[in-house]
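Residue-level listing of the chains:
2 protein chains.
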Amino acid sequence: MSDAPLRAVVALGGNAISPPGGSGSAEEMRASLRTTSECLAGLVERGVGLVISHGNGPQVGRILLQQEYAAEHVPPMPMDVCGAESQGQVGYLLVQAIDSALRRRGLSTRALCLLTQVIVNGRDPAFRRPTKPVGPSYPRPDAQRIAHETGHVFKIMPDKKWRRVVPSPKPLRFVEEAPLLQVIEAGHVVVAAGGGGVPVVEHRKELRGVEAVVDKDLTAARLATLVHADLLLILTAVERVQVGYGTSQARPLTRLAVDEARSLLAAGEFPEGSMGPKIEACIDFVSAGGPRAVIASLPAAEEAVFGTAGTTIVATDG
Amino acid sequence: MSDAPLRAVVALGGNAISPPGGSGSAEEMRASLRTTSECLAGLVERGVGLVISHGNGPQVGRILLQQEYAAEHVPPMPMDVCGAESQGQVGYLLVQAIDSALRRRGLSTRALCLLTQVIVNGRDPAFRRPTKPVGPSYPRPDAQRIAHETGHVFKIMPDKKWRRVVPSPKPLRFVEEAPLLQVIEAGHVVVAAGGGGVPVVEHRKELRGVEAVVDKDLTAARLATLVHADLLLILTAVERVQVGYGTSQARPLTRLAVDEARSLLAAGEFPEGSMGPKIEACIDFVSAGGPRAVIASLPAAEEAVFGTAGTTIVATDG
Numbered sequence: 010m011s012d013a014p015l016r017a018v019v020a021l022g023g024n025a026i027s028p029p030g031g032s033g034s035a036e037e038m039r040a041s042l043r044t045t046s047e048c049l050a051g052l053v054e055r056g057v058g059l060v061i062s063h064g065n066g067p068q069v070g071r072i073l074l075q076q077e078y079a080a081e082h083v084p085p086m087p088m089d090v091c092g093a094e095s096q097g098q099v100g101y102l103l104v105q106a107i108d109s110a111l112r113r114r115g116l117s118t119r120a121l122c123l124l125t126q127v128i129v130n131g132r133d134p135a136f137r138r139p140t141k142p143v144g145p146s147y148p149r150p151d152a153q154r155i156a157h158e159t160g161h162v163f164k165i166m167p168d169k170k171w172r173r174v175v176p177s178p179k180p181l182r183f184v185e186e187a188p189l190l191q192v193i194e195a196g197h198v199v200v201a202a203g204g205g206g207v208p209v210v211e212h213r214k215e216l217r218g219v220e221a222v223v224d225k226d227l228t229a230a231r232l233a234t235l236v237h238a239d240l241l242l243i244l245t246a247v248e249r250v251q252v253g254y255g256t257s258q259a260r261p262l263t264r265l266a267v268d269e270a271r272s273l274l275a276a277g278e279f280p281e282g283s284m285g286p287k288i289e290a291c292i293d294f295v296s297a298g299g300p301r302a303v304i305a306s307l308p309a310a311e312e313a314v315f316g317t318a319g320t321t322i323v324a325t326d327g
Numbered sequence: 010m011s012d013a014p015l016r017a018v019v020a021l022g023g024n025a026i027s028p029p030g031g032s033g034s035a036e037e038m039r040a041s042l043r044t045t046s047e048c049l050a051g052l053v054e055r056g057v058g059l060v061i062s063h064g065n066g067p068q069v070g071r072i073l074l075q076q077e078y079a080a081e082h083v084p085p086m087p088m089d090v091c092g093a094e095s096q097g098q099v100g101y102l103l104v105q106a107i108d109s110a111l112r113r114r115g116l117s118t119r120a121l122c123l124l125t126q127v128i129v130n131g132r133d134p135a136f137r138r139p140t141k142p143v144g145p146s147y148p149r150p151d152a153q154r155i156a157h158e159t160g161h162v163f164k165i166m167p168d169k170k171w172r173r174v175v176p177s178p179k180p181l182r183f184v185e186e187a188p189l190l191q192v193i194e195a196g197h198v199v200v201a202a203g204g205g206g207v208p209v210v211e212h213r214k215e216l217r218g219v220e221a222v223v224d225k226d227l228t229a230a231r232l233a234t235l236v237h238a239d240l241l242l243i244l245t246a247v248e249r250v251q252v253g254y255g256t257s258q259a260r261p262l263t264r265l266a267v268d269e270a271r272s273l274l275a276a277g278e279f280p281e282g283s284m285g286p287k288i289e290a291c292i293d294f295v296s297a298g299g300p301r302a303v304i305a306s307l308p309a310a311e312e313a314v315f316g317t318a319g320t321t322i323v324a325t326d327g
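Respectively, the protein sequence lines represent chains A and B.
The numbering used here applies: residue 10 is where the first sequence begins, and numbers increase by one.
The numbering used here applies: residue 10 is where the second sequence begins, and numbers increase by one.
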């Protein structure tokens with residue numbers, strides 16, 4: 010069997026890093042990452058060059074919670090610094106798990122994590138409309154008190170609790186573009202732009218971190234365009250994207266032209282907080298010339314790359 | 010003026026990252042790192058290729074403290090993961106500060122941070138004798154209770170309070186050796202092996218993080234040897250190493266042959282927790298063929314590289 014060498018940018022969802030609803034301990038993360046890394050090493054074994062981005066929602070949430078409990082004793086760090094900490098935390102555990110999986114298969118490829126900053130536009134309209142929930146849930150009075158003390162913005166969630174929301178501006182490009190390309194060209198498995206990358210704005214030619222969270226799938230799409238990936242692979246908890254999700258007409262999608270995807274997205278077929286940004290990321294990559302984007306479940310990763318698993322988005326459904 | 014191109018590995022002490030005795034806030038760190046980065050950018054302007062390692066004692070101490078205050082709600086991470094978080098935290102702020110300093114000078118060189126694991130020997134005798142204090146100080150009863158609950162080892166400090174101590178094994182080599190060399194060769198300012206690197210042992214060919222702290226100066230010496238640095242530059246709070254430190258016979262040293270350094274170290278001239286490991290790191294680098302190692306103060310960095318500031322250690326004092 011001969012597989013053509015492929016380059017894939019993989020976006021790992023939260024379920025690939027730790028079990029949903031778990032305690033978030035290092036043991037739990039190591040167990041999840043071991044399974045995830047077996048899937049990824051399987052791709053490396055079949056000749057796929059991997060660039061891996063990952064979510065950090067639960068991890069940065071726990072860092073924010075720790076900061077809050079210790080706030081009287083240790084000054085809390087702003088969101089950008091917490092994001093960088095979570096890149097260190099998840100990146101380290103992920104690199105170690107991937108290296109181990111590669112070694113178990115007798116492969117000589119090794120993994121590394123490059124701390125990544127993503128440049129956003131300081132005038133992105135997202136800064137006027139914070140939408141991305143971060144950190145713990147609060148009853149209303151606590152949220153009001155914290156909002157008063159810190160200036161943070163809170164919104165009510167579907168469960169009637171309140172959470173802090175931060176802006177989610179669009180990723181434009183990477184500060185570490187040149188070294189990213191170098192380590193990827195060298196053939197390493199590269200973990201980068203975890204949690205969507207640390208968002209920074211250019212201010213009088215200097216860089217400044219901002220209190221925001223960039224969507225990790227949109228960042229992965231930017232990364233895939235930058236490195237001329239053959240494939241953007243968004244791994245999540247579901248096997249395929251559905252239309253009519255949650256209704257009796259629910260129907261899984263196997264293949265979509267980018268125009269169809271755009272129409273369905275505009276028609277509100279995909280929820281804003283979950284499948285919406287994933288579809289948007291696929292549209293972004295394919296519109297920029299990317300050959301194909303696939304949304305699939307983690308265990309189906311290999312089948313998604315070499316077979317027909319998941320939902321594939323291409324330029325034209327020819 | 011023509012300066013020959015030099016490659017230097019710089020080890021930054023705690024005072025370069027945040028003011029001693031400060032609160033440890035992000036603002037404080039940014040202010041210290043701005044000053045530090047001006048010195049570093051001055052070296053880049055004079056053609057010095059920089060690889061930068063840094064301490065993380067106060068930063069990882071604060072992360073441990075945050076973990077402890079939140080321990081009933083968020084499972085604390087082990088030391089190796091905390092070390093990785095601190096590499097993310099300090100690495101991000103340092104890269105941003107260096108980039109800004111380079112941009113202010115109109116230089117096109119840019120900085121990046123590569124998350125670094127350092128391999129130690131699982132049979133290093135340090136594992137049987139933990140010496141490195143980490144995290145907060147406790148009165149004796151609290152230390153005893155925590156020791157009982159966690160199995161952590163505590164020791165009494167000169168201030169009569171108790172602190173957790175962890176092993177400080179010798180750094181052997183880096184997991185990320187190949188990519189480190191690639192990004193350094195490419196001419197970037199590379200921040201690596203922060204806090205001495207995350208210590209890992211090879212166990213049945215797999216890597217496993219260990220609850221230990223590798224001395225950051227010894228790691229910087231390994232890094233300097235790996236990258237064939239012209240210079241190991243250890244920046245700290247004092248202008249020169251002294252013999253007879255704290256006595257009326259105190260005398261600053263300007264230049265030492267490696268054999269003299271070894272004799273003075275063996276004679277107990279340098280305190281174990283502070284100057285000792287710095288001298289040991291210089292000996293390590295010069296013994297492995299490194300041309301020279303300098304211990305100097307941060308503001309004297311440029312003079313230390315191109316002039317005569319600090320204490321220089323060379324193979325023979327010819």
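Do not rely on the hints blindly, as some may be mistaken.
Identical chains blur together in the list; that is why a pair holds if it fits in one copy or across any two.
Unchecked claim - EDC-like cross-link-like pairs, simulated, lysine to aspartate or glutamate; straight-line CA separation at most 20 Å:
| id | residue 1 | residue 2 |
| --- | --- | --- |
| 1 | K164 | E278 |
| 2 | K214 | E54 |
| 3 | K141 | E186 |
| 4 | K179 | E194 |
| 5 | K214 | E47 |
| 6 | K164 | E77 |
| 7 | K141 | E37 |
| 8 | K214 | D268 |
| 9 | K164 | E47 |
| 10 | K164 | E220 |
Please keep in mind that the hints were generated in silico from the structure rather than gathered at the bench.
Should K214 paired with E54 be assigned to within, between, both, or neither, using CA atoms and 20 Å as the limit?
-> Between copies only: 18 Å across chains, 43 Å inside a chain, cut-off 20 Å.
Is it within, between, both, or neither for K164 and E278, if the alpha carbons may be no more than 20 Å apart?
-> neither (23 Å within a copy, 61 Å between copies)
Using 20 Å as the alpha-carbon threshold, which applies to K141 and E37: within, between, both, or neither?
-> So K141 and E37 fail the 20 Å test inside a copy (25 Å) and across (28 Å) alike.
Could you figure out if K214 and E47 sit no more than 20 Å apart (CA to CA) within one copy, between two copies, both or neither?
-> This pair counts as between: shortest inter-copy Cα distance 16 Å, intra-copy 43 Å.
20 Å Cα threshold - placement of E47 relative to K164 | Classified as neither; 39 Å inside a copy, 42 Å across copies.
Checking K164 and E77: alpha-carbon separation at most 20 Å within a copy, between copies, both or neither?
-> within (18 Å within a copy, 29 Å between copies)
Up to 20 Å between alpha-carbons, please classify K141 paired with E186: within, between, both or neither.
-> Answer is neither: 26 Å inside a copy and 38 Å across each miss the 20 Å cutoff.
Evaluate K164 and E220 at a C-alpha cut-off of 20 Å and name the case that applies: within, between, both or neither.
-> within (16 Å within a copy, 40 Å between copies)
Are the CA atoms of K214 and D268 at most 20 Å apart within a copy, between copies, both, or neither?
-> This pair counts as neither: shortest intra-copy Cα distance 37 Å, inter-copy 49 Å.
Within, between, both or neither, where K179 and E194 count as close if Cα-Cα is 20 Å or less = neither (26 Å within a copy, 32 Å between copies)
Of the hints listed earlier, those the structure fails to meet are numbers 1, 3, 4, 7, 8 and 9, in rising order.
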